[in-house]
Amino acid sequence: DGGITQSPKYLFRKEGQNVTLSCEQNLNHDAMYWYRQDPGQGLRLIYYSQIVNDFQKGDIAEGYSVSREKKESFPLTVTSAQKNPTAFYLCASTLGEDRGTEAFFGQGTRLTVV
Amino acid sequence: GDSVTQMEGPVTLSEEAFLTINCTYTATGYPSLFWYVQYPGEGLQLLLKATKADDKGSNKGFEATYRKETTSFHLEKGSVQVSDSAVYFCALIQPATGNQFYFGTGTSLTVIP
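If you read the protein sequences in the order shown, they are chains B and Z.
Take the first sequence: its position 45, counting from 1, is numbered 45 in my numbering, and each next residue is one higher.
If you want my numbering, it's the 1-based position in the second sequence plus 1000.
What the hints contain is simulated information worked out from the structure, not anything from laboratory work.
Since no wrong hints were added, every one of them can be taken at face value.
No farther apart than 30 Å at their CA atoms in a straight line, the calculated lysine-lysine pairs in the DSS-like style are these:
hint: 1; chain 1: B; residue 1: K83; chain 2: B; residue 2: K57
hint: 2; chain 1: B; residue 1: K57; chain 2: Z; residue 2: K1049
hint: 3; chain 1: Z; residue 1: K1049; chain 2: B; residue 2: K9
Could you build all of it, start to finish, from the sequences and the hints given here?
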């Protein structure tokens, strides 16, 4: 079945460490997104990518980095520069420009700083 | 810029009650509108959508009508069930800006038996 897979489901990070969250899709979608969700709050856009080897900052990109070397994959690195990384992270994908349709979401990764 | 505003929660209803969650939007052109549902600890799932004015999206007893004159996309269900307890997000996609998504802040619904 086609879909988006995020891993791991739960991730624990020590202070000062970088961690990478995985997002893979087999929907042949061009566009992929990373959102952050804090308890009781909405979604905030971190980064998005419309095509391979290109990505743009969202509203809260500081302390995060991404890459888009393959169409299917859009990993997110939470760096030590992100001062408050504990949150629920959601990856999404869409068909892309000029083919507007709904976004498909992964099941999320819950990151906790210990 | 574009934005989505939805009613704040939390909302608590008794089983079989009528549900309305208000959603209004600000956008240029002709966005598509969506309602997503998020169950605890999970990602978002598409509940319904409407792609042009006066379209009605419907799924699992939920309905919403794309009203361009009032820039609204209110979610309704005639008789809620305990299993409908979740967080509901209104969203729009804006073709004019490369299909950028805009989400509301979410409305938490709890249905009690």
